[in-house]
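Those protein sequence lines, which keep their order, are chains A and B.
The opening residue of the first sequence carries number 111 in the numbering used here; numbering runs sequentially from there.
The opening residue of the second sequence carries number 6 in the numbering used here; numbering runs sequentially from there.
Worth flagging that the hints you see were computed from the coordinates, not collected in a lab.
Hints are not guaranteed to be accurate.
As the list claims (entries may be wrong) - So, partial list: chain A residues that the calculated Cβ filter (under 8 Å) puts toward chain B:
{"no.": "1", "residue": "Gly149"}
{"no.": "2", "residue": "Gly153"}
{"no.": "3", "residue": "Ala156"}
{"no.": "4", "residue": "Arg216"}
{"no.": "5", "residue": "Gly233"}
{"no.": "6", "residue": "Gly264"}
{"no.": "7", "residue": "Glu267"}
{"no.": "8", "residue": "Glu269"}
{"no.": "9", "residue": "Asp347"}
{"no.": "10", "residue": "Leu389"}
{"no.": "11", "residue": "His414"}
What the hints assert, rightly or not - Quick partial rundown of chain A residues pointing at chain B, CB under 10 Å, derived from the structure:
{"no.": "12", "residue": "Leu289"}
{"no.": "13", "residue": "Arg427"}
{"no.": "14", "residue": "Lys428"}
These figures come from a predicted structure and were not determined experimentally.
Virtual Cβ for every residue (Gly too), placed ideally from N, Cα, C.
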Amino acid sequence: MKTLVFLEDHEGKLQMDSLGVLSKATSLGGEVEAVLLGGEVEGLAAEAGRFGAARVHVMEDVLLTKPLPQPRVDALETLIGEAGFDTVLFAATVLSADIAAALAARLDAGLNWDLTDVVVEDGRLVGKRPALGDSVYVDVGWTSEPRLALIRSGTFEPEERGGEAEVQKFEARLQDFSLETQMVEQAHEESEGPSIEDADVIVAGGRGLGSPENFSLVEELAKALGGAVAATRAVVDAGWYPYVTQVGQTGKTVSPKLYIACGISGAIQHKVGMQSSSLIVAINKDPNAPIFEYADLGVVGDLHEIVPKLTELVRARKAA
Amino acid sequence: MKIAVCAKYVPEAAANARIDPQSKRLDRSGEGTLNQFDVHAVEEALKLKEAEGEAEVVIVSLGPERALEAMRKALAMGADRVVLVSDEGAAGSDLVATSRVLAAALEREEPDLVLFGQQANDSDGAVLWAAVADRLQRPLVSQVAELTREDGKVRGKRQTEYGYDVIEAPLPAVIAVSDAINEPRYPSLKGIMGAKKKPQETVSLSDLGVDAGEAGEAGSRTEVYALGDPPARGDTVKIEDDGTGAEKILAFLQEKKAL
């Protein structure tokens, strides 16, 4: 097996999930190499070496400065053609999912996504994928090489091994259509606002709250419990609550001792960000909401009645 | 301006969907519907059309023949016509095969803008647009929560792991929209009545010039080996609120020493 791991960086730092996938690739055996694409990224190669990459392929080009997928597809196509990899792994992000799928079309290669494990069984690579709202686990494979895979976010922990990577620079011609999109404004990590990642208790609100004003219900309960407030992507996109509080695939991954979900359906996008919470309580009026499949306690009912009452009860209990 | 919306026919209530243990494909024998995420793409296309004054909205889908009925919902909302690629030879297509067939159908239409919904309800697939954009060699913006059009360009606000990017792409372009982008309209009675009369074309792989070996399982590069049960997450309890829901949550938190 000769594996290439795509490393994603943001504002001069390697993404943790990328390093997690790199560590996993190393544990599978064979040759493991990594690739870094960007304006100035060579400096990150040493860290990739410590997490298991024997060689890091680096392409630096001002046209790769912005995190846009299409020029990266051209670079990877060239690299895979020149260096020859049978397996290419990506930690799933908004950027890498687009890159992986376009690369699959470009190379006529199989792509399996949302994998929560990759193993070698009977000499072949097998991906494990939860499907249909995680109600069934599917073993998936590839019928040709290279095999492309997107790993679900937060799946593998990075493990530092202390190795050293050989840096190999390469160049690729970027196609005209790949350079047509322009980044007008780029997101920066927001550091202001409350941190939900360290909270022991999180009370989260979703579309079921009905209006942005009703976030006060969630805030009151969080205050009574001494916890933090979180939100789903739907309400963040709708402008009800700030992005820094968003839990899920494109937000934060949290694992508090207690997670109370109010008016959250619990779609997979949200689930991946909070499923490792020790205790999950869900309040939702829709009895078919997916969150009830994995909430330790689910209450089917009107959160507008239950949440304020629960806040009162918690306050009374704490005062006692 | 011509806008194509790629839409998928999915089983009704994906929560109750099952995978056929024999074929290891999703069981599509039951009732089907228009993928809910694609309804947002249809709505966005209709909003663009209304802002534009004159535009054609065409729904492009790949699926079994009865998918046509589900696609009528888009016509009832206001889309102008449907092109359904329906062919036994395309059944079981994975990402590479599906993107090849859809790209062929889109090349025939030559739209100025191709819209996708955020994901397929049944497969949780959220990548098809990028494969299609690559085949069409067109610029791509995905995860768009806000879309605006200004002469010859579209501008999308995209949510990523770090916040919001704003990206511009010249037309023709491929855009995937998030479900937060709009609240889809309900079809009016008049719309529902008129939907049946709108053009609905079914085409085969050979109509599109796609060889049998390039679609379906023959054209796919992934396979399913086995199905299994998910790891258990311990006991889950679901109760109906009878007015004592808050008390029950408190008792539960006390029992688990979570207070």
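Status of each hint after checking the structure:
1. Gly149: 16 Å, violated
2. Gly153: Violated. Min distance 20 Å.
3. Ala156: 24 Å, violated
4. Arg216: 6 Å, holds
5. Gly233: The hint is violated - glycine 233 of chain A has no Cβ within 8 Å of chain B, the shortest such distance being about 13 Å.
6. Gly264: 11 Å, violated
7. Glu267: 17 Å, violated
8. Glu269: With a closest approach of 22 Å, the glutamate 269 of chain A hint is violated.
9. Asp347: Check passed: Cβ of aspartate 347 of chain A comes within 3 Å of chain B, closer than 8 Å.
10. Leu389: 5 Å, holds
11. His414: 11 Å, violated
12. Leu289: 9 Å, holds
13. Arg427: Hint holds; arginine 427 of chain A Cβ to chain B Cβ min 7 Å, cut 10 Å.
14. Lys428: Holds, because the Cβ-Cβ distance from lysine 428 of chain A to chain B comes to roughly 8 Å (cut-off 10 Å).
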